[in-house]
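These are the residues of each chain, in order.
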Amino acid sequence: MQLSTSEISELIKSKLENFSTSSEARTQGTVISVTDGIVRIHGLSNVMSGEMIEFPGNTFGLALNLERDSVGAVVLGDYEHITEGDTVKCTGRILEVPVGPELIGRVVNALGQPIDGKGPVNAKMTDKIEKVAPGVIARKSVSQPVQTGLKSVDSMVPVGRGQRELIIGDRQTGKTAVAVDAIINQKGQNMTCVYVAIGQKASTVANVVRKLEENGAMAYTIVVAATASDSAALQFLAPYAGCTMGEYFRDRGEDALIVYDDLTKQAIAYRQISLLLRRPPGREAYPGDVFYIHSRLLERAARVNEEYVENFTKGAVKGKTGSLTALPVIETAAGDVSAFVPTNVISITDGQIFLETDLFNAGIRPAINAGISVSRVGGAAQTKVIKKLGGGVRLALAQYRELAAFAQFASDLDEATRKQLDRGRMFTELMKQAQYAPLSVSNMAISLLAANKGYLDDVPTNMVLVFESALHGFMNSKYKKLMDGIESSKDLAGENEKAVEAAIQDFKATNAY
Amino acid sequence: MAEISTIARPYAVAIFNLGKEKKTLAKWSEMLSFATAVSQDVAMKAYIADPKVASGDLEASFLKICGDKLSEQGQNLIKTLVEYGRLSILPAISHAFEELKAQDEGMLEAQIIAAAKPSAAEVKDLVKRLEAKFGNKIEATVSVDPEIIGGIKIVVGDTVIDASVKGQLQNLAYTLAA
Numbered sequence: 001m002q003l004s005t006s007e008i009s010e011l012i013k014s015k016l017e018n019f020s021t022s023s024e025a026r027t028q029g030t031v032i033s034v035t036d037g038i039v040r041i042h043g044l045s046n047v048m049s050g051e052m053i054e055f056p057g058n059t060f061g062l063a064l065n066l067e068r069d070s071v072g073a074v075v076l077g078d079y080e081h082i083t084e085g086d087t088v089k090c091t092g093r094i095l096e097v098p099v100g101p102e103l104i105g106r107v108v109n110a111l112g113q114p115i116d117g118k119g120p121v122n123a124k125m126t127d128k129i130e131k132v133a134p135g136v137i138a139r140k141s142v143s144q145p146v147q148t149g150l151k152s153v154d155s156m157v158p159v160g161r162g163q164r165e166l167i168i169g170d171r172q173t174g175k176t177a178v179a180v181d182a183i184i185n186q187k188g189q190n191m192t193c194v195y196v197a198i199g200q201k202a203s204t205v206a207n208v209v210r211k212l213e214e215n216g217a218m219a220y221t222i223v224v225a226a227t228a229s230d231s232a233a234l235q236f237l238a239p240y241a242g243c244t245m246g247e248y249f250r251d252r253g254e255d256a257l258i259v260y261d262d263l264t265k266q267a268i269a270y271r272q273i274s275l276l277l278r279r280p281p282g283r284e285a286y287p288g289d290v291f292y293i294h295s296r297l298l299e300r301a302a303r304v305n306e307e308y309v310e311n312f313t314k315g316a317v318k319g320k321t322g323s324l325t326a327l328p329v330i331e332t333a334a335g336d337v338s339a340f341v342p343t344n345v346i347s348i349t350d351g352q353i354f355l356e357t358d359l360f361n362a363g364i365r366p367a368i369n370a371g372i373s374v375s376r377v378g379g380a381a382q383t384k385v386i387k388k389l390g391g392g393v394r395l396a397l398a399q400y401r402e403l404a405a406f407a408q409f410a411s412d413l414d415e416a417t418r419k420q421l422d423r424g425r426m427f428t429e430l431m432k433q434a435q436y437a438p439l440s441v442s443n444m445a446i447s448l449l450a451a452n453k454g455y456l457d458d459v460p461t462n463m464v465l466v467f468e469s470a471l472h473g474f475m476n477s478k479y480k481k482l483m484d485g486i487e488s489s490k491d492l493a494g495e496n497e498k499a500v501e502a503a504i505q506d507f508k509a510t511n512a513y
Numbered sequence: 001m002a003e004i005s006t007i008a009r010p011y012a013v014a015i016f017n018l019g020k021e022k023k024t025l026a027k028w029s030e031m032l033s034f035a036t037a038v039s040q041d042v043a044m045k046a047y048i049a050d051p052k053v054a055s056g057d058l059e060a061s062f063l064k065i066c067g068d069k070l071s072e073q074g075q076n077l078i079k080t081l082v083e084y085g086r087l088s089i090l091p092a093i094s095h096a097f098e099e100l101k102a103q104d105e106g107m108l109e110a111q112i113i114a115a116a117k118p119s120a121a122e123v124k125d126l127v128k129r130l131e132a133k134f135g136n137k138i139e140a141t142v143s144v145d146p147e148i149i150g151g152i153k154i155v156v157g158d159t160v161i162d163a164s165v166k167g168q169l170q171n172l173a174y175t176l177a178a
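The listed protein sequences derive, respectively, from chains A and B.
Everything in the first sequence is counted per our numbering, starting at 1 for the first residue and increasing by one.
Everything in the second sequence is counted per our numbering, starting at 1 for the first residue and increasing by one.
Keep in mind that the hints were calculated from the coordinates and are not lab data.
One should not assume that every hint holds.
A short list of chain B residues far from chain A (calculated; beta carbon distances all over 10 Å) [said to hold, decoys possible]: (1) 16; (2) 102; (3) 157; (4) 162; (5) 167; (6) 176.
Covered, in the sense of this in silico footprint (three residues per stretch, anywhere, with C-beta under 8 Å from a C-beta of chain B), are these stretches of chain A [said to hold, decoys possible]: (7) 25 to 36; (8) 43 to 53.
Dumping the calculated DMTMM-like pairs for lysine to aspartate or glutamate here, alpha-carbon to alpha-carbon at most 20 Å [stated by the list, open to error]: (9) B:166 - A:54; (10) B:153 - B:109; (11) A:201 - A:213; (12) A:140 - A:307; (13) A:480 - A:497; (14) B:101 - A:69; (15) B:153 - A:54; (16) B:79 - B:109; (17) B:166 - A:86; (18) A:128 - A:54; (19) A:419 - A:458; (20) A:15 - A:96; (21) A:388 - A:487; (22) B:153 - A:24; (23) B:133 - B:122; (24) A:432 - A:358; (25) B:23 - B:72; (26) A:387 - A:484; (27) A:89 - B:158; (28) B:64 - B:30; (29) B:117 - B:147; (30) B:133 - A:24; (31) A:498 - A:484; (32) B:23 - B:83; (33) A:89 - A:54; (34) A:187 - A:484; (35) B:153 - A:86; (36) B:20 - B:98; (37) B:128 - A:24; (38) B:166 - A:24.
These numbers were taken from a predicted model, which means no experiment stands behind them.
For glycine and all other residues, C-beta sits at the position ideal for the given N, C-alpha and C.
Next comes chain A alone, as it looks inside the complex:
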């Protein structure tokens, strides 16, 4: 017989102490039918929409459909032991999950129960999973950057704290890689991360957690996992649960980053629930409110102002803004962004990072399509130095794409065109980056400066990345002070720029490519 974690005598003692023996008046009903996790209940005349209901055997459900003679509910967890005629009780509560710093470093399921075998989560607080997003009065515009550590993202599609930036692409294009790199780069950035895995293989989730652990990212990350084998109800609820855990930090004047990987699977889980509840299907068989499930979730990612934080904490935290940045992931089928769910989420978010199979297969990784990836608010939040140096990248790549199409037909090109093509090729190469190797602001600035000032023009295209890493190594050892200056000020003032240029010349003088 195995000992369960809940059988520690201290815990039992506290439970016995807090146990009340008063009689209770509760509304009750009976189960009429159980079908694939959906239960129809007769009675429960006072039940609320979204209320938790209690089945026998310590199982809970969520009332979703309130009809005239019956209530449609989803069971959270196993439903095999529920049979027709079972008694169901109202609880009068909305579903809640544990929140707080105790969750950091843990892997929990959609109900906040630990699944990493590290014992109970001793969270002191719980909070409702469905909450209304802060209103316009409580908000502040996005003005601080989230450094993802990816050259292509930070220079072309910058993300600000409180922004919702969609990561969209086909399967196997590196969507999760971009999100995980962004989490890894938050070390020491005062950012708590929440990674919500929805409908993924348990092995994939385990891999992500292992990678986060290896890179020391679990020290500031919460993982909420609703794997493919969990019930559709849990897959549907996981993003809301994760969001509530992230909001805890937002509301207390801290910054948090949440990754929903991925919302397509959540929509599919919701479609399953809705169809089993016999709600009328609409486009692609999704129910009518599939837009709302994503809009209400992503609206909760926001930057809130000082007054909101002060009011929320009752004056304990003053003069600090809080933010919850969301990186939702959407998987498209064969690049079709005009499918129902992708268009919905594109329209909700403040921009998208578009990943393409062709680019990925051509070795351009991260496979970001610079032409259609945008960030609608991130520009205002971009780090000064990256903004100054990265402005040319987008333009160079756009011109390169335009010319490259023409250049296929022309046999001999004039000098200016050839130069532009070479430059575009160089920038494309420079935007490549290995996984789990995010760059600091100073390193990124050096790379961009070298490219902008033409120091890479005489480097063969296939040597660009080798040159870059050698340059970083050289700068970080020989010009450490200068680099630290850029890192702390996040800016490159006049004389510093000259010093950096001189340093690059120094590097080029001692190395040949």
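Position chain B against the provided structure of chain A, taking the given hints into account.
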């Protein structure tokens, strides 16, 4: 069950309104319970469900069995039900009608389940308290169930007031398992 009560409701409401207008609620109650009893007979059930029986035959034989127990309007109800093929939901109609009638009379049915038989005075006191709580007249039926170990359990419609030892032990078990 849910679907059946949804179908039965308009019939029950119509009967109730008609009965109230003509002040024949008691008569209707009697007729419905009689017709229900007839329709629930094993042979009759099979006969109703038999697709080979023509609706005219079913109507005639059903009315013949009921004889003079049904008023003209009662007979019309049977005819309507046969026409729509809804004779099998008669019990649900009867149940819904009784509910409406009880509601109209301001009566609530309460089931009092006790571990040991309570005295008449205790029941009277309990009913008085329940009437105050629900703001309605309470018609209590008392039953004894040693399974609940101690205390009482009161069921009024959907509301259950559980003050039994069994319920509390169950709660304790859940609290410890959670």
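Verification of the supplied hints:
no., hint, result
1, 16, "holds (17 Å)"
2, 102, "holds (15 Å)"
3, 157, "violated (7 Å)"
4, 162, "violated (6 Å)"
5, 167, "violated (8 Å)"
6, 176, "violated (6 Å)"
7, 25 to 36, "holds (count 6)"
8, 43 to 53, "holds (count 4)"
9, B:166 - A:54, "holds (17 Å)"
10, B:153 - B:109, "holds (14 Å)"
11, A:201 - A:213, "holds (19 Å)"
12, A:140 - A:307, "holds (10 Å)"
13, A:480 - A:497, "holds (15 Å)"
14, B:101 - A:69, "holds (18 Å)"
15, B:153 - A:54, "holds (18 Å)"
16, B:79 - B:109, "violated (32 Å)"
17, B:166 - A:86, "holds (17 Å)"
18, A:128 - A:54, "holds (17 Å)"
19, A:419 - A:458, "holds (11 Å)"
20, A:15 - A:96, "holds (19 Å)"
21, A:388 - A:487, "holds (15 Å)"
22, B:153 - A:24, "holds (10 Å)"
23, B:133 - B:122, "holds (17 Å)"
24, A:432 - A:358, "holds (14 Å)"
25, B:23 - B:72, "holds (15 Å)"
26, A:387 - A:484, "holds (19 Å)"
27, A:89 - B:158, "holds (10 Å)"
28, B:64 - B:30, "holds (17 Å)"
29, B:117 - B:147, "holds (13 Å)"
30, B:133 - A:24, "holds (14 Å)"
31, A:498 - A:484, "holds (16 Å)"
32, B:23 - B:83, "violated (27 Å)"
33, A:89 - A:54, "holds (5 Å)"
34, A:187 - A:484, "holds (17 Å)"
35, B:153 - A:86, "holds (17 Å)"
36, B:20 - B:98, "holds (13 Å)"
37, B:128 - A:24, "holds (19 Å)"
38, B:166 - A:24, "holds (13 Å)"
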